[in-house]
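J.: This is what each chain is made of:
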Amino acid sequence: MGELRAYAALLGAQWRSLLSYRASFLVEMVTNIGATALDVVAVFVIFRATRTVAGFTLPEAVLIVSLSSCAFNLADFTVGNIDRLKTYVRTGLMDAVLVRPLGALAQLVLMDLPFRKALRLVLAVGVLLVALRLNAIEWTPARVLLALVVPLAGAVFFGAIFVLSASLAFWWVDSGDLGSAFTYGGRDFTAYPVPVYAGWFRTLFAYGLGFGFVSYQPALALLGRADPLGLPAWAGFVSPLVALVAAALAALVWRAGVRHYRSTGS
Amino acid sequence: MDGLRKDFTVRVRAGRLRRTKREVAAVDGIDLRIERGEMVGYIGPNGAGKSTTLKMLTGVLTPSAGAVSVCGLAPVPQRTRLALRIGVVFGQRSQLWWDLPLGESFRLLRYLYRVPAAEHAARLRRCTELLDLGGFLDTPVRQLSLGQRMRGELTAALLHGPEVLFLDEPTIGLDVVSKQAVRSFLAELGAGGDVTLVLTTHDLADIERLCRRLVVIDHGRVVHDGTIEALHTRYGSRRRLVVDLDAPLPAGFTVEGATLVSVEADRCRASFDLLTDTAGPVVARLAALSSLRDLSVVEPDIEDVVARLYAS
Chain W
1 MGELRAYAAL LGAQWRSLLS YRASFLVEMV TNIGATALDV VAVFVIFRAT
51 RTVAGFTLPE AVLIVSLSSC AFNLADFTVG NIDRLKTYVR TGLMDAVLVR
101 PLGALAQLVL MDLPFRKALR LVLAVGVLLV ALRLNAIEWT PARVLLALVV
151 PLAGAVFFGA IFVLSASLAF WWVDSGDLGS AFTYGGRDFT AYPVPVYAGW
201 FRTLFAYGLG FGFVSYQPAL ALLGRADPLG LPAWAGFVSP LVALVAAALA
251 ALVWRAGVRH YRSTGS
Chain C
267 MDGLRKDFTV RVRAGRLRRT KREVAAVDGI DLRIERGEMV GYIGPNGAGK
317 STTLKMLTGV LTPSAGAVSV CGLAPVPQRT RLALRIGVVF GQRSQLWWDL
367 PLGESFRLLR YLYRVPAAEH AARLRRCTEL LDLGGFLDTP VRQLSLGQRM
417 RGELTAALLH GPEVLFLDEP TIGLDVVSKQ AVRSFLAELG AGGDVTLVLT
467 THDLADIERL CRRLVVIDHG RVVHDGTIEA LHTRYGSRRR LVVDLDAPLP
517 AGFTVEGATL VSVEADRCRA SFDLLTDTAG PVVARLAALS SLRDLSVVEP
567 DIEDVVARLY AS
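Protein chains in written order, with our numbering: chain W, 1 to 266; chain C, 267 to 578.
Treat the hints as calculated values from the structure; they're not laboratory data. Please read all numbers here as calculations on a predicted model, not as lab measurements.
Derived coverage of chain C by chain W (criterion: at least 3 residues anywhere in the stretch with Cβ under 8 Å from a Cβ of chain W; other residues may be distant):
(1) 314-325
(2) 337-348
(3) 359-370
(4) 377-383
Some chain C residues near chain W, calculated using beta-carbon distances under 7 Å:
(5) T328
(6) V354
(7) F356
(8) L374
Pair ranges (Cβ atoms, derived):
(9) A384(C) - A118(W): 35 to 43 Å
(10) V442(C) - A181(W): 51 to 59 Å
(11) A118(W) - D297(C): 52 to 60 Å
(12) A49(W) - P343(C): 54 to 62 Å
(13) P343(C) - P141(W): 40 to 48 Å
(14) L152(W) - Y576(C): 55 to 63 Å
(15) H485(C) - G2(W): 37 to 45 Å
For glycine and all other residues, C-beta sits at the position ideal for the given N, C-alpha and C.
Build out the structure end to end from the sequences listed, making use of the hints.
T.: This is how it looks when you write it as structure tokens:
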């Protein structure tokens with residue numbers, strides 16, 4: 001209980017810190033919507049050139065991109081700023097975090113929660129709701145549950161990727177943009193139906209790294225479509241499981257990273 | 267809570283802390299035991315491993331080898347529990363919220379450390395008074411001067427009533443007045459006897475003012491552990507007696523209990539190194555020789571001693 005209040009206090013501090021720069025906060029908040037809108041607009045642009053993409057119609061493709069966008073933006077909003085870890089490691093701010101009586105990851109997330117990205121999340125949820133209406137989905141209790149769980153599971157999955165790639169900074173302070181290949185690269189991958197991709201790249205990202213289970217497989221399950229790539233129908237329902245595995249892996253690596261933390265001279 | 271019979275133990279024995287590509291021993295096998303209520307000065311040249319030791323004691327860094335225990339807890343595995351019982355001031359890292367007023371940082375820390383409101387208020391009142399914080403509690407931290415901020419940091423580290431206070435260069439970069447303020451505050455804190463103080467510094471005046479015990483490390487090893495006096499004894503530094511006489515000092519003069527170091531050209535001013543703890547007998551013998559116009563006793567300079575220690 002006391003611990004929850006402690007985290008709430010951290011969050012409140014971040015909010016009040018932001019308010020000391022009110023104007024720049026508002027500007028950032030508005031410009032941030034643009035980024036999300038672009039993801040969706042890109043899909044519309046493609047469908048101006050063709051009626052179907054890899055056998056998927058526009059409403060189906062919008063469902064996929066909106067599931068991906070919800071998951072990514074929720075993760076980006078909550079733990080996305082963890083990629084600033086490399087700055088904290090370099091400047092030694094991590095020391096200050098580690099001498100406080102709270103979990104390091106939770107502190108970093110709350111100290112840096114990007115409120116300016118909040119509208120992006122709202123927009124992404126809006127597009128998902130529209131996409132769910134556009135497609136003629138035969139609603140069953142299982143599908144309702146799936147529609148609710150998939151964005152959350154996807155967010156956990158992306159969150160794990162964020163933490164994993166940020167953890168690199170514990171070993172290599174100059175980990176640079178290697179992590180972004182998997183976070184932003186993963187977002188772009190999940191924005192389109194998997195059959196769009198081909199070869200070893202598809203196998204690696206969709207099944208090896210699990211990005212296929214963020215939006216594509218669940219979308220198939222919601223639509224009641226068979227997978228052109230041959231995975232069974234229940235593949236759409238394993239996304240929470242994939243997310244949990246990724247989260248467990250991220251937790252392990254994070255823990256090892258904190259133990260490996262070397263601080264900086266002072 | 268059974269702090270009464272627990273003697274507070276610190277044992278650091280760590281080696282081979284990896285830095286960059288080579289294996290470099292930042293802290294190379296240190297054994298220390300610090301009792302509850304002690305005030306320990308931890309000094310050494312740059313890169314001797316002072317900060318590294320402190321970071322291992324506070325759970326920031328994982329020791330490569332050896333055993334550490336602080337307040338009976340293992341710093342890294344029990345980091346969050348330990349954090350509630352220790353206070354840490356890293357001179358060059360802030361615990362405060364940059365964009366918020368100082369007072370707000372203190373309020374937040376109450377939640378972070380889950381301190382009962384009354385205790386928190388009492389400690390804050392005491393710190394505000396002793397450190398004279400009243401004038402800038404409403405100022406955002408980013409606008410504070412270094413001296414003001416450091417006083418804020420000290421307060422922040424103490425609001426949860428820690429059993430041990432770790433200070434890494436608390437007076438670095440401060441002006442003379444701020445240094446004095448910080449030192450007298452720490453002296454008062456240590457005099458209470460219920461807070462253990464471990465401080466690293468480059469400013470030996472901090473140590474002379476505050477610490478009974480001095481631990482000197484170099485290349486990650488302890489080279490001296492004891493009182494400042496013990497350090498002087500070990501390195502043969504003496505107090506110096508300077509006398510102004512009415513009549514010139516006779517040539518070949520010797521006096522029991524002191525050795526003559528130098529004489530001015532007019533032979534009316536002479537310096538002696540005292541071989542005994544008290545200056546009285548030597549002064550009496552000199553006074554018997556001729557009337558003394560003036561005399562002074564100069565304490566040995568710890569800077570010199572430490573410089574010699576680092577060099578050896």
